[in-house]
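Trainee: Respectively, the protein sequence lines represent chains A and B. For what it's worth, my numbering labels the leading residue of the first sequence as -8, then goes sequentially. For what it's worth, my numbering labels the leading residue of the second sequence as 28, then goes sequentially.
Calculated from the structure, these hints are not laboratory results. As the structure is a computational prediction, the values presented were derived from the model and not from experiment. One thing to keep in mind: the hints can contain errors.
Pairwise CB distance ranges, derived in the manner of DEER restraints [said to hold, decoys possible]: (1) A/Leu220 <-> B/Asn73: 53 to 63 Å; (2) A/Phe164 <-> B/Asp125: 46 to 56 Å; (3) B/Leu116 <-> A/Leu286: 22 to 32 Å; (4) B/Gln165 <-> A/Val5: 28 to 38 Å; (5) A/Asp290 <-> B/Ala84: 54 to 64 Å; (6) B/Val133 <-> A/Ile62: 21 to 31 Å; (7) A/Asp290 <-> B/Leu116: 20 to 30 Å; (8) B/Ala84 <-> A/Phe123: 28 to 38 Å; (9) A/Val66 <-> B/Gln165: 17 to 27 Å; (10) A/Phe123 <-> B/Asn73: 33 to 43 Å; (11) B/Glu221 <-> A/Val5: 18 to 28 Å.
For glycine and all other residues, C-beta sits at the position ideal for the given N, C-alpha and C.
The chain contents come next:
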Amino acid sequence: MTRKQKTRLFNTFVTIFAAFAAVMFLMPTVLTIANSFMTSSEISANYGAMLSNMTEDNKTYISDGVNLKFIPDKVTFDQYKAVLFKSPDYLLKFWNSVMLTVPITFFQLLIAILTSYGLSRYPGKIKGMIFFTYIILMIMPYQVTLVPNFLVAEKLNLFRLHFEGFHITAEKFQLLNTRWAIILPGIFSPFSIFLLTKVMRRIPVSYVEAAKLDGAGEFQILTRIYLPLCKGALVSIAMLVFIDYWNMVEQPLVLLKDSAMHPLSVFLSQINTGDIGLAFAVGVVYMVPTILMFLYGEDYLVEGMTYSGGIKG
Amino acid sequence: MKRLRDQCGRRGERIFSDLCLLPSVIGVLVFFLIPFGIVIYYSLINNPVMHEFVGLANYKKLFTTVAFLRAAKNTAVFSLVSVPLALVLSLGLAVLLDRNIPGRSVFRTFFLSPLMVPTASVVLVWQVLFHTHGTLNQIIEHFGGTGIDWMKSSHGQLIIIMMFLWKNIGYNMILFMSALAGIPRDIIEVAELEGAGKWYQFFHIKLRYLSPTILFVLILSLINSFKIFREVYLLTGDYPFDKMYMLQHFMNNTFNSLDYQKLSAAAVLFSLVMIVIIAILLIAENIFGKDVEG
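One chain only, chain B, in its complex shape (with noise of 0.2 Å):
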């Protein structure tokens, strides 16, 4: 008898913990699945009037858009360059950080700050550092370089890496600093015990507890570099030099015309290179995550 209502207790137990999945799992599919799905849809026809289905026609005018390709090369090198920058960088403060120096904690405000200063009110000061007669020419020309119009040059990909590194190192430096912190120190003893080196040290011992907060890192840096587009408004607006012309802004014009079917294609075809990324990330979490829990 007992057992019978144990068992009960335990099924009415699950059913609360199942109830509250409930709220979230009907938003998702209301606001983000099932409209997906109409997406995809939206991808194969040739438009929501006639709804004649045309294969992946949409998808091959997609890439005779220049604007498109242009959008995606754009994004796509900003975020070869800028999220691994942005890894490397910030593991290498950490790092350096993860020592007994005075201000420690100071540092790491400072560091910490660009994360909670909205872009907008910045950005005055973004422009002013990178006009044509900015504070960055002029220290160019002090010392007898020339100038560069940052904005409307083909190094304007180096004004928002440089933001971008700005706004993330920051954070990401802050997980580091605590995964390192969280490395059995007994380890790090019996390694210097045995002669290992501070290199041999941090690529063989440190690196492998450090590899699910590398993993992590890099998802959030991956995430926000696709948000560079705010800095990237925010600086030059609608319509930016060509370099600087992100897959936001093409969404934004495309948005504009009302273009269905370009849109649609462009967002799944997004999301297909994303699942292949998430895809490449989880493989190599298997293969670096088994042997340290962290």
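With the rest of the complex left out, here is chain A (with noise of 0.2 Å):
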């Protein structure tokens, strides 16, 4: 066998190779899409076994053991029915879950364009300093964080202003069990910045010097020139924010005592056990914000990232 008949024969055994464990990464989502057009009939009938130690006195399931199916016997839209028409429940926590994430990511990447523009241009030592101690924040994980974050919900008060004609009253609330407690902590974590300042610094210098002779103050500096270089690693950073807010599950356990604040991320484990034949269904309206981000961002994702290498960099 020649060099080139090997390396072609390697090439064909690498891509089935790639080929099944890329379909093995899809399958998760793949399957529950298709479930989510079975009758909730066909889903207990399948995976009625899986309730059966929870509801152990009445047994009224047809097989005990659990059948992953691929493709439902009858396609259906009843699950998406239900869940969009007949159980608000799933819409007020869908809602909470954007109520949630859509402020945190928004303002936080407002937060990291002004300081990562901060920190890149005229570096010193303080600069330096601070953004040492973003990194350090930045990979302390919610085991840490949660516990300053839940003592600054229970001991800051924000008020709250009621507007009626002209009168304004202000009644002061306490940041725990509000949106508060998670939005607040969520804006100000460093970990936008950490990837913006390092894509910001790499902007060369003498762009910047070009726009100065053009007459171009500081402002226009950042939104005409770092803003437009930046775009790519925005829109990468803004849906990894908004992925990661979006999965939540700690942080409304520990901050949002009401479980009708919970996001639906939260919410989600507990049908499980209950609507099992919604489940698939909500699990499946869950992801379309995500799903829809990532087909419009996905090059983004890809080529927004390219410079990110090493910690301090």
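Mind docking these for me? Both chains are given alone in their own frames, and the hints should help you get the complex.
Mentor: Below, the structure is given as structure tokens:
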């Protein structure tokens, strides 16, 4: 066998292996989507056994094995109809997720743009120390940061303003058990600053010098040079931040005692034991925003992070 | 005169870039650093009412708490196994895919998809896979083995390692692939002319250029490994089997009992461990990152 043939054989082997692995990676998602089109009786026939150890006394299930099925016997949108029109609870929890994730993503990015710009222009010793502190903070897991967050939420009070005609009243409220307890620490979480600063530091000084010669001020340098050059990175960071908070479980469990305010990501663990017939459809509804983002931004996700190496780099 | 104005202008510009830092610095101080100072203080006193200094007594108590020791051990074992595994597997995949094979971009999308699918959405599929009468056990039994009750056995860690790898390998792989594409071609060509084999090229040239990315992936994976609680919680709820009892479970339970001293001591202790890890990583960066600025 010649060398060329060997390479070709090896490439074929690699392709088959990669295809197999890739399909395995996609499988859980595809299965969830496929199962969401089943009728609820079909679901309890296939997965009823999963529940039997929880509701031991009323075993009404047909089989006691669990059958993973790809293709529904009968395609139906019943689950979706039930989720979207008959059970407001799911939509409410979905809305909770939106109300937590969207403000965090938006404001974390806004702060990151300002901060990363500040950190990458005129670098100095103090700025270096600030960035270093952020790196340490970024690596700290929730098991560390939730304790200070909880303390703040308990001790800090904010004011809620009520407008009644011209009469404005301020009502003091504790952060704990409100969305703010999650949103505020989320906004100042330094993950996106870390990524964005690394990208901004790569912007050649000559670009800035040229803009200055043309009379651009600092603010214009930020909006006309830095931001356009960071567009890819910004999109990919926004996606990473969004999906991370869309997945949140730790913070609501600790900071929101009232489960009516929990996001769907926490609530889904509870329906799995109850309304199993709907769980797949809810799961699919929950992945729609992130899947759409992925379809739009996959290339950014791939290209935007090209520079990210090292820690301090 | 002109020079003076230039200097003033420069100072004004500097002030703008300093002001940009202000919101974030204040936020970090208020929501993380100052309260963390209070956490350290709480870990050293007997209770928030008496404020009596007790030294390391809270830490000693922590080390006699069975739940804490178990949670710390499980978390450490999980991170020590899954992070290197994620690193090696994603690097391996990236190297394999770093050649001209058909469907490369489709594979890339497939591998990346778990990153963008919420864990909560697919958790049911995992439950079906790992249930006592689930798919995995059916396959095992089909080949004559005996099934395991995965969620309630000491193999429980295997499940969460698999879920972790599923979620994280794709993105790590992308980072490695773009780093591989960034290695200067001429260096590889020279090595080939000099008769360096593929393995030599990989270990002596490519790996050096990849070292900043390796470090970055290591950090990302480490951060994500502490978020595995999400998967465990969605799979098994508040009180999982022993082997899946993670630090976050311990923290949640301690939050519920409002035991500030224990919470604070645990958080401070964990942060110290993290600082040691970060120091090691930074030293590694200084050693490996010097000769190649990538």
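Trainee: Look at each hint and say if it fits the structure.
Mentor: Evaluation of the provided hints:
With their beta carbons about 55 Å apart, A/Leu220 and B/Asn73 fall inside the hinted range of 53 to 63 Å. Restraint check, A/Phe164 to B/Asp125: a C-beta distance of roughly 55 Å satisfies the suggested window 46 to 56 Å. Between B/Leu116 and A/Leu286 the beta carbons are some 26 Å apart, a value that agrees with the proposed interval 22 to 32 Å. Separation of B/Gln165 from A/Val5 is about 30 Å and conforms to the stated range, judged on CB atoms against 28 to 38 Å.
Remark: the range hint 54 to 64 Å for A/Asp290 to B/Ala84 is upheld by a beta-carbon distance near 56 Å. For B/Val133 and A/Ile62, the hinted distance range of 21 to 31 Å is satisfied, since their beta carbons lie about 22 Å from each other. A beta carbon spacing of about 24 Å between A/Asp290 and B/Leu116 agrees with the range 20 to 30 Å that was offered as a hint. Hint check: B/Ala84 to A/Phe123, Cβ distance near 32 Å, so the stated range 28 to 38 Å holds.
Range check, A/Val66 to B/Gln165: about 25 Å between beta-carbon atoms, so the 17 to 27 Å window is met. The hint said 33 to 43 Å for the Cβ distance between A/Phe123 and B/Asn73, and at roughly 34 Å that hint holds. Look at B/Glu221 against A/Val5: about 26 Å separates their beta carbons, and that is inside 18 to 28 Å.
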